[in-house]
Structures are given as structure tokens and as C-alpha cells.
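So the chains spell out like this:
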Amino acid sequence: MNEAVGTNTPSGGGGVSLREVTKRFGSVRALDDVSLYVQPGELLALLGPSGCGKTTLLRAVAGLEVPDTGHVLIGDRDMSEVPVRSRPIGMVFQHYALFPNLTVRQNIAFPLEVRGVPREQARARVEEMLVLVRLDAQADRYPNQISGGQAQRCALGRALAPSPEVLLLDEPLSALDAVVRVRLRDEIRRVQQMVGITALYVTHDQSEAMAIADRVALMNHGRIEQLAPPSELYEEPRTEFAATFVGSRNAVELPVTGGRVRLPGAFDIAAPSGSNGRAICFFRPEDVEIAEEHGPGLAAWLEMKVYLGSTTRLLLRAEHASGELSLHADAPSRRVQGLDEGSRLTFRVDPAHVRAFPVEASA
Amino acid sequence: MSAPPRRAGRIGSSLLFGLLAVYLLLPIIAVLLYSLATVWRARILPDAFTLDHYVRVFNDPRILGAFGRSFLLASIVTCIDILIVVPAAYWARIRNPRITPLLALGAAIPFALPYVVIAFGIDRLIGEFVPSIQNTLAVLIVAQAAIAFPFFYWAVDGSMAAAGIERLSEAAETCGARPRQIVRRIVFPAIRMGVVTGSVLVFAVSFGEFALAQVLVGSAFETLPLWQADAMLQTTGRFNDLAVTTVLSFVLLFLLAVVLVTWNRGQTVRLLPGATTQKEGRA
Amino acid sequence: MWLPAVPLLLLIAVALVLPALSLVIGSVTEDGQLTLDGWVRVLTRRGDQTAILTSLALATVVATIATLVGTPVAWLLSRMLPVGRATWLALLTVGGNFGGIGLAFAYFAVLGTVGMVTLALQSLGVDFLPPRPSSFEGLVLVYLYTNVPLFVLLTMPAMGALRDEWWEAAQVASATRWQFWRRVGIPVLTPFIVAGWLLIFTWSIGIYGLAYALAGAGAATPTQLITLRIGVILKSDVTETWRANVLAVILMGIAIVSLVTYRAILRRGLRWVT
Numbered sequence: 001m002n003e004a005v006g007t008n009t010p011s012g013g014g015g016v017s018l019r020e021v022t023k024r025f026g027s028v029r030a031l032d033d034v035s036l037y038v039q040p041g042e043l044l045a046l047l048g049p050s051g052c053g054k055t056t057l058l059r060a061v062a063g064l065e066v067p068d069t070g071h072v073l074i075g076d077r078d079m080s081e082v083p084v085r086s087r088p089i090g091m092v093f094q095h096y097a098l099f100p101n102l103t104v105r106q107n108i109a110f111p112l113e114v115r116g117v118p119r120e121q122a123r124a125r126v127e128e129m130l131v132l133v134r135l136d137a138q139a140d141r142y143p144n145q146i147s148g149g150q151a152q153r154c155a156l157g158r159a160l161a162p163s164p165e166v167l168l169l170d171e172p173l174s175a176l177d178a179v180v181r182v183r184l185r186d187e188i189r190r191v192q193q194m195v196g197i198t199a200l201y202v203t204h205d206q207s208e209a210m211a212i213a214d215r216v217a218l219m220n221h222g223r224i225e226q227l228a229p230p231s232e233l234y235e236e237p238r239t240e241f242a243a244t245f246v247g248s249r250n251a252v253e254l255p256v257t258g259g260r261v262r263l264p265g266a267f268d269i270a271a272p273s274g275s276n277g278r279a280i281c282f283f284r285p286e287d288v289e290i291a292e293e294h295g296p297g298l299a300a301w302l303e304m305k306v307y308l309g310s311t312t313r314l315l316l317r318a319e320h321a322s323g324e325l326s327l328h329a330d331a332p333s334r335r336v337q338g339l340d341e342g343s344r345l346t347f348r349v350d351p352a353h354v355r356a357f358p359v360e361a362s363a
Numbered sequence: 364m365s366a367p368p369r370r371a372g373r374i375g376s377s378l379l380f381g382l383l384a385v386y387l388l389l390p391i392i393a394v395l396l397y398s399l400a401t402v403w404r405a406r407i408l409p410d411a412f413t414l415d416h417y418v419r420v421f422n423d424p425r426i427l428g429a430f431g432r433s434f435l436l437a438s439i440v441t442c443i444d445i446l447i448v449v450p451a452a453y454w455a456r457i458r459n460p461r462i463t464p465l466l467a468l469g470a471a472i473p474f475a476l477p478y479v480v481i482a483f484g485i486d487r488l489i490g491e492f493v494p495s496i497q498n499t500l501a502v503l504i505v506a507q508a509a510i511a512f513p514f515f516y517w518a519v520d521g522s523m524a525a526a527g528i529e530r531l532s533e534a535a536e537t538c539g540a541r542p543r544q545i546v547r548r549i550v551f552p553a554i555r556m557g558v559v560t561g562s563v564l565v566f567a568v569s570f571g572e573f574a575l576a577q578v579l580v581g582s583a584f585e586t587l588p589l590w591q592a593d594a595m596l597q598t599t600g601r602f603n604d605l606a607v608t609t610v611l612s613f614v615l616l617f618l619l620a621v622v623l624v625t626w627n628r629g630q631t632v633r634l635l636p637g638a639t640t641q642k643e644g645r646a
Numbered sequence: 647m648w649l650p651a652v653p654l655l656l657l658i659a660v661a662l663v664l665p666a667l668s669l670v671i672g673s674v675t676e677d678g679q680l681t682l683d684g685w686v687r688v689l690t691r692r693g694d695q696t697a698i699l700t701s702l703a704l705a706t707v708v709a710t711i712a713t714l715v716g717t718p719v720a721w722l723l724s725r726m727l728p729v730g731r732a733t734w735l736a737l738l739t740v741g742g743n744f745g746g747i748g749l750a751f752a753y754f755a756v757l758g759t760v761g762m763v764t765l766a767l768q769s770l771g772v773d774f775l776p777p778r779p780s781s782f783e784g785l786v787l788v789y790l791y792t793n794v795p796l797f798v799l800l801t802m803p804a805m806g807a808l809r810d811e812w813w814e815a816a817q818v819a820s821a822t823r824w825q826f827w828r829r830v831g832i833p834v835l836t837p838f839i840v841a842g843w844l845l846i847f848t849w850s851i852g853i854y855g856l857a858y859a860l861a862g863a864g865a866a867t868p869t870q871l872i873t874l875r876i877g878v879i880l881k882s883d884v885t886e887t888w889r890a891n892v893l894a895v896i897l898m899g900i901a902i903v904s905l906v907t908y909r910a911i912l913r914r915g916l917r918w919v920t
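Protein chains in written order, with my numbering: chain A, 1 to 363; chain B, 364 to 646; chain C, 647 to 920.
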């Protein structure tokens with residue numbers, strides 16, 4: 001069983017619970033015995049590459065996909081027999097899915113109308129939503145008259161209007177320009193926290209997930225690889241996949257000798273359990289300490305400098321006992337201003353920041 | 364192509380389109396003149412013009428009857444197709460995609476089988492099993508509804524695809540809408556254009572349809588095409604009347620075509636059965 | 647799960663599928679026994695053979711000319727601005743729908759012995775003898791009137807398959823216009839053009855009303871067509887329905903082969919552009 005279950009189900013409140021959910025499409029297992037608990041009021045990001053099952057999981061909570069086995073609970077209620085339209089959910093789609101024949105106001109009012117909410121009450125609620133997502137000026141425009149960012153905000157307003165227990169977001173920013181994306185990302189987070197609603201957020205962009213989520217569920221091949229707050233996922237990835245997917249890292253494969261893994265001059269750490277002669281080590285560019293040519297550390301030469309603004313990324317080449325190594329090191333731009341390409345220097349890595357995993361015996 | 368066409372190319376295409384325009388308009392003009400001519404002997408243009416023929420036609424009960432029957436028939440057939448095809452097309456897209464291949468195949472049949480063959484088949488089938496309803500109007504209505512439905516189906520299905528109806532339906536579901544609400548408030552507005560386009564096409568097909576009308580019912584229910592054929596083949600050629608009716612039905616169809624194209628605003632209508640190269644769904 | 651689609655499926659089954667089956671069965675049945683006699687008799691009779699061959703020839707010629715004329719038109723139209731295109735589309739839709747008896751009559755008015763064009767050409771000194779409406783050439787001419795617009799309407803959307811970026815990329819790679827067409831343009835568009843040809847072929851071979859009006863109205867022996875023969879038998883000759891039956895099934899067979907080929911070619915063509 002997948003090890004990603006969090007705390008026990010509390011009583012009441014809009015948490016979301018998946019228990020041993022499996023979903024197959026033909027021979028492909030989109031969800032493989034997944035269990036997950038989303039705490040009331042938290043924003044949990046489902047992160048992973050295409051085909052990892054994150055969208056299927058979201059749609060299973062919505063009811064748009066029916067699991068082959070397992071249960072989906074919203075609050076404390078089992079949703080197995082509950083159709084989509086009766087679930088206490090609001091959903092934001094990747095391509096907005098705004099009804100083209102209704103104005104912004106009418107789109108937001110739609111879920112209230114179909115539930116038979118009295119006119120006056122509905123109108124007040126719609127106004128509330130328009131203010132919340134900052135669309136009062138565009139309220140009477142049609143979807144083809146507003147920008148992508150505005151459309152997505154309208155979709156958000158529509159999803160929240162009926163006061164659902166859970167907010168589901170399916171890659172809501174993928175269809176937007178880069179600048180709008182960042183702005184809207186923060187907007188979504190602001191609204192979610194203000195309203196205090198439980199939210200499931202699907203994305204393939206790890207920086208987006210890290211920026212916005214309380215916890216991140218990293219998925220791969222229909223399973224949850226790691227469920228943790230962003231910082232923990234970033235600092236302490238539990239698997240090789242997690243280490244490579246989140247954050248940029250340097251990787252070097254080294255032999256295990258005497259229970260330790262050594263990059264002579266650079267770092268010396270205990271071998272990971274289960275190593276079978278070789279281990280693969282990951283460390284981040286910002287954890288590489290560089291020093292001048294005859295300083296402490298492993299000798300390397302600077303192949304290329306990439307100026308990134310406040311940081312400069314250095315591409316270094318070093319030789320060690322097991323071969324040649326290419327790595328990135330990030331340093332404040334001011335500090336390395338005078339460094340020319342071709343210069344010789346040395347580097348070290350704080351052993352606390354090196355993550356090592358055993359390498360499979362077969363190539 | 365983004366490069367501006369070369370001089371020769373532009374002249375060539377102007378020539379081509381000029382000829383095309385002449386080619387398309389000439390028969391129509393000729394018929395129009397015929398309908399307005401008093402006497403037209405061996406000269407390029409008629410000797411004199413008159414509206415007498417129009418007056419006579421509008422007072423001829425037989426012609427009016429034929430016109431009326433065709434109009435009535437086309438209207439009924441159109442209504443039937445709307446009522447039958449829309450639910451099927453919607454259901455096939457949203458609920459049960461397994462229906463789609465059957466519909467596609469069914470839509471291919473009237474295109475593959477000549478109408479006269481279908482007419483023959485229906486007549487034979489009825490003759491063998493239910494001879495009592497042979498030569499009734501009901502049979503003709505059903506038959507025309509069947510051969511015209513592909514046009515309607517392609518138009519409606521196309522508009523559903525363009526609107527991304529599956530995605531809209533899902534969104535409406537997450538908003539808590541029941542199926543009937545979704546259909547009424549989301550689906551109908553989305554397919555309005557497709558329904559209009561399809562209706563116009565079905566009407567046109569039924570109005571001008573000859574083979575089924577002749578074989579299945581014949582002179583018992585004289586539609587306009589039947590009258591026209593009769594008028595044409597008689598030795599006492601009532602050609603002027605024929606010209607008038609041709610002009611009138613042409614005007615009718617032309618108006619319908621104008622409606623069609625204005626609604627679509629010059630977009631390429633998806634007429635090629637089974638294919639579209641434009642991206643379906645929203646950009 | 648099927649309910650809303652049932653009426654339509656029922657209509658298709660009863661009005662289209664069953665009659666087709668009935669015809670097929672009827673063509674191989676005589677007095678309740680399975681026999682290919684009918685087929686043999688039809689295929690060996692001169693008159694029927696002529697009808698079959700003429701129908702095939704007519705459809706082929708019409709489809710070919712429609713393709714040759716229609717392809718550049720469809721291409722140019724697909725590149726036109728929506729405003730101009732709308733006008734042309736309206737015109738073409740009209741042309742495509744102006745068929746049947748009215749069109750036959752229009753032919754007389756234009757190219758008959760005292761038709762407008764005939765008289766115009768003769769007055770210009772051209773010794774022009776218009777083809778008789780019931781002759782092969784006459785039929786081709788009239789068929790083309792509906793079928794050229796039909797071809798254009800059917801293939802124009804497919805012309806959009808050729809993206810501007812490809813031409814731009816070709817230009818950047820220093821290709822000439824002709825090279826682009828030869829290596830990219832024509833290969834990509836050809837399946838759709840051929841598909842259009844097949845559609846027009848299928849459509850033409852089944853035309854009845856128009857041929858009926860033309861053939862019946864002209865003097866001397868009208869051109870023999872399968873559809874006409876079927877019509878004649880159905881209207882006047884009860885004893886020969888078996889012949890009409892076989893002819894109908896032959897027509898069906900030709901149309902089905904054509905349509906299946908059409909689907910196959912279309913699928914191939916779409917593979918490159920979707």
C-alpha cells in the first residue's frame with residue numbers, strides 16, 4: 001500500500017480522503033492503490049510528469065472518473081454513489097471551460113441558479129465573488145471578450161460561488177502567459193487562504209507547486225512517491241526520482257568503499273543503506289562552495305558562466321578518481337564578477353546537503 | 364501563403380474567378396430571362412419582357428399545389444431530422460461514444476447509395492412486407508428524413524466539436540447542474556449554429572429531391588420537381604412556367620444559402636464527411 | 647445508454663440498411679431460390695453493359711474535370727479573406743444545389759439549339775453546334791455545373807491543411823516555389839484531392855433526376871445510364887424488376903468500393919496533418 005497517508009481522519013470539516021484507489025485505462029494503471037489525506041483548509045499540490053496520474057486522481061475526487069477499487073471521501077462522506085453534480089466541489093479547468101453564451105456574471109451565477117438559490121441571495125453572492133476575484137469591471141463581458149487571466153479568475157469565482165467544501169484545480173495556469181501565470185498563482189493562493197477552503201492543485205511545474213502548496217504529493221506511474229511540505233521535498237528527497245524532478249541538482253555516481261561514499265576533496269558521507277557497490281549522489285548548485293585555486297577542496301576549472309541576475313551559474317569541470325565530472329555551482333554575481341572562463345578553482349560540498357541513493361546493480 | 368502572389372498569378376486567378384462567376388451565373392440569368400420573355404426566337408436576348416408568366420403561375424392551382432407540397436414536405440422532414448438527430452448526436456458525444464461509429468456509417472449510406480437505388484429498395488421492402496402503406500406520403504417523409512440526415516448530423520456534430528461540448532458539460536456538472544439543465548442552458552446555445560446550418564441543408568435537399576418522390580409516391584403527391592419533370596417532357600412544353608418555377612425555387616434556395624453563409628461568417632463549413640483539418644475545441 | 651439515439655438508429659436501419667439488404671438479397675433470388683441467373687443475364691446483355699460502362703465513363707470524366715478545375719479554385723478560395731470568401735461560398739452553395747429539373751431546363755436556355763450562348767457564338771460567326779442534352783458530352787457539361795462547386799465546397803476545408811509555416815520554412819531553406827510544391831505541397835494535398843475526386847465520382851454515378859430530364863427531353867437515342875434504366879423499369883416495366891434490382895446492386899457495389907477507397911485515402915492524408 002502506498003505510504004502517503006497523513007494523519008487520521010478528524011471529525012467533520014472538508015478534508016479529502018482517498019483510500020486505496022485504483023483506476024485502470026485499458027492495460028495502463030493510472031492510479032495504483034493510492035491513499036491520501038488532504039487536511040481541511042490545506043492546499044495540496046499534485047505534482048508529477050505527464051501520465052503520472054495526478055489529473056486522474058483529481059478527476060476521481062470530482063467524480064468525473066470512477067475508481068475501479070477504493071473509496072473517495074469528502075468531509076466524512078463516502079462519495080462512491082454520489083454523482084458529480086451532487087458533490088460539494090468546485091472545479092477550475094485548464095482551458096477555463098467558461099460557458100461562451102453567458103457573461104462573466106452569469107457564469108459565476110450558474111452554480112447558484114442550478115441549485116435553485118433565491119434570486120436576491122444569489123445576486124449578493126455573485127457580487128461577493130466578483131469582488132473576491134477582482135472582476136467587477138468585467139462582470140458583463142462575454143468569455144471571448146476577456147483575457148486568459150480574467151477568464152481563469154472568472155472560473156475561480158464560478159467554482160467558489162456555491163461555497164463548496166473542496167476546490168479542485170486542474171493545471172489552471174498552463175494556458176496562460178508567463179507573467180500572468182505568476183500573478184494569478186499568487187491570486188489563487190490568496191483567495192484559497194482567505195476563504196480557508198481545502199484545495200487540490202494539479203501541476204507539472206515544480207516551482208509552481210513549491211510556491212503555492214502547504215504540502216506536495218509527488219506522483220510517478222500512478223503512485224505517490226513522496227508527500228511532504230515543499231521545503232522537505234526540496235531538501236530531503238526520498239527517492240532518486242524525487243531528487244531529479246524537484247529542483248536542479250548535480251549528480252555524480254561514485255563507488256562505495258568501507259561504508260562511505262567519497263568525492264575526494266569535495267565531500268565524504270556515509271553510504272546509503274542498501275548500496276551495492278555504487279551510489280548516486282545529488283547536491284544542489286547553491287550548496288557548492290567555491291574557493292581559489294589552491295584552496296581546500298577538489299580542483300576544477302571554469303568552463304562557462306551564465307549570468308542569471310543576482311546569481312551567476314558556473315559550469316565547472318573536475319577530474320576525480322572515477323572519471324570526469326561536470327557540475328553547476330551557483331554564487332552571488334558580485335562575488336564572481338572577476339572570475340574568467342578558463343580559471344582554475346576548487347570546490348567543496350557540505351556533506352549535510354548531499355543526498356545519496358543506491359545504484360541498481362544492472363545498468 | 365504569406366508571400367504576395369506574383370502579378371501573373373493574380374491575373375490568372377482573377378481570370379479563373381471571372382470565368383467561374385460567368386459560368387455559375389449564366390444558366391441562372393438565362394432562366395430568369397426566359398421567365399420574363401414574351402417571345403424569344405433566334406436572338407440572343409428576348410424580344411420583349413413581361414411579367415405575365417409570373418402572374419399566370421401564381422394563379423395556377425396545380426403549380427401552387429406542387430410548390431406548397433414541396434414546401435410542406437421539406438418543412439416536415441426538417442423538423443423530423445432536428446428532433447431525431449440532435450439527441451442522438453449529443454448522446455453520442457457526451458454519454459455513449461460507441462454510438463458514433465454507427466451514426467457515421469449510417470451517414471455514409473445516402474452518400475454512397477444513389478437516391479434512386481434507395482428509393483427502389485424501400486419500395487421493394489415495403490411491397491414485400493407492408494404493401495398497405497405503399498405510395499403513402501408517410502413513406503416519402505421517412506425516406507427523405509433518412510437521406511437528408513447526414514447533412515444535419517455533420518453540421519450539428521461539427522458545432523459540438525467546435526464548442527468543446529464535452530469540456531463544457533463536465534464544467535457544468537461540477538457546478539452542480541442536472542442533465543436537463545445542462546442541455547437547456549449549455550448545449551442548446553452551443554449548437555444553435557449547427558442546427559440552423561443543418562436545417563437549411565436538409566430543407567434544400569428535400570425541396571429539390573426527385574428520385575424518392577417519383578418512385579415512392581409519384582403523381583399521388585406531386586411535388587415541385589415532379590411537376591417540373593412533367594412540364595419538361597411534355598410535347599407542349601410549358602417552358603415559360605417551368606422557367607418561372609425554376610426561378611422561384613432558385614430564389615428560395617439562394618436565400619437559404621445566404622442565411623447559411625452569413626451565420627457561418629465565411630468560415631469553412633465542415634462538409635467533407637469524416638474529416639476536418641481545423642483544430643477542434645478551443646485554442 | 648442508447649435511448650436518445652434509438653429513433654435515429656431505427657430510421658437508419660429501416661430506411662437505409664434494410665432496403666439495401668433487401669436489394670442485395672433480391673438480386674440473387676428468383677422465385678425464392680438463390681441464383682446468380684439475374685446477374686449473368688444483366689452482365690451479358692449488350693444494353694445493360696453499355697449502361698454500366700457509360701455510367702462509369704461519365705462519372706470518371708465529370709470527376710476528373712471537376713477536380714482539374716476545382717482544385718485551383720478551392721486552393722485560391724482557402725487563401726481568400728473571409729469577406730470575399732463568404733460571397734463565393736454563397737455562390738458555390740447555390741451552384742451546388744441548383745440541380746435536378748431546373749438545371750436541365752437551364753441547359754436548354756443556355757446551350758440548347760436556340761440557347762443564349764449558342765446564339766451568341768453563332769452570331770459571332772462561330773460555327774457552334776451545341777451538344778445534344780441527352781448526348782454524353784451534353785450530360786458531362788450539365789453534370790459539371792453542380793459538381794464543380796460541390797468539389798470546391800468539399801475540398802476547400804482540406805486546403806487549410808497546408809500551413810503557412812511550411813512555405814516559410816521552405817523559403818528559408820532556399821527552396822523555389824516549384825520545389826516546395828513538388829516535395830511538400832502536392833504530396834500533402836494529394837490525398838484530399840483524390841478523396842474529392844472519389845466523392846464526385848460517387849455522387850455523379852448516382853445522379854438520376856437531372857439525367858432523367860435531359861435524356862427524356864432530347865431527340866434520338868439518349869445516353870444509357872444505370873440510373874436511367876432503373877428508373878425506366880420501375881416506372882413502366884413490372885416484369886423486368888429483377889433487372890432493375892441487379893443494376894441497383896451493381897450501382898451499390900461501385901459506390902461502396904469508391905467510398906471505401908475514399909475513407910482509406912482520407913485516413914492516409916490525415917495522418918500527416920493531424
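Source of the hints: derived by calculation from the structure; they are not laboratory data. Predicted, not measured: the structure shown is a model, and the values here were computed from it. Built from N, CA and C at the ideal position, the CB exists for glycine as well. A couple of the hints might just be wrong.
As the list claims (entries may be wrong) - Among chain C residues calculated to face chain B with C-beta under 7 Å, some are: (1) Ala736; (2) Ala821; (3) Leu905.
Unchecked claim - Which bits of chain B does chain C cover? Going by a derived footprint, with three or more residues having C-beta under 8 Å, they are: (4) 379-385; (5) 426-437; (6) 462-470; (7) 524-535; (8) 547-555.
Stated by the list, open to error - So these bits of chain B aren't anywhere near chain A, every CB distance computed over 10 Å: (9) Ile457; (10) Cys538; (11) Leu618; (12) Val621.
*Residue count check for the region 524-535 of chain B against chain C: does it reach three with CB-CB under 8 Å?*
violated (count 0)
*Is it the case that cysteine 538 (chain B) keeps its Cβ farther than 10 Å from each residue Cβ in chain A?*
Cysteine 538 (chain B) not clear of chain A: closest Cβ-Cβ about 4 Å, inside 10 Å.
_So isoleucine 457 (chain B) supposedly isn't at the interface. Is its beta-carbon more than 10 Å from every beta-carbon in chain A?_
12 Å, holds
*Taking the least C-beta to C-beta distance, is alanine 736 (chain C) closer than 7 Å to chain B?*
It holds, given that the least Cβ distance between alanine 736 (chain C) and chain B is near 5 Å, below 7 Å.
*Check whether three or more residues of the region 547-555 of chain B sit with their beta carbon closer than 8 Å to a beta carbon of chain C.*
violated (count 0)
*Count residues of the region 426-437 of chain B with a Cβ under 8 Å from any Cβ of chain C, then say if the count reaches three.*
Violated - the region 426-437 of chain B has 0 residues with a Cβ nearer than 8 Å to chain C, which falls short of three.
*Stated coverage of the region 379-385 of chain B by chain C [criterion: 3+ residues, CB within 8 Å]*: Since three or more residues must qualify, the claim that chain C covers the region 379-385 of chain B holds, with 4 doing so at under 8 Å.
*asked:* Is the interface hint satisfied for leucine 905 (chain C)? The criterion is a beta-carbon contact with chain B at less than 7 Å.
replied: With a closest approach of 4 Å, the leucine 905 (chain C) hint holds.
*Does the nearest C-beta of chain B fall within a distance shorter than 7 Å of the C-beta of alanine 821 (chain C)?*
12 Å, violated
*10 Å cut-off, C-beta based - leucine 618 (chain B) kept clear of every residue in chain A*: Its Cβ never comes within 10 Å of chain A, the nearest being 27 Å, so this holds.
_Residues of the region 462-470 of chain B with Cβ under 8 Å from chain C, three needed, outcome_ = holds (count 4)
*Please confirm whether valine 621 (chain B) is truly not at the interface, meaning its C-beta sits more than 10 Å away from all C-beta atoms of chain A.*
Per Cβ check, valine 621 (chain B) is outside 10 Å of chain A; nearest 24 Å; holds.
Of the hints listed earlier, those the structure fails to meet are numbers 2, 5, 7, 8 and 10, in rising order.
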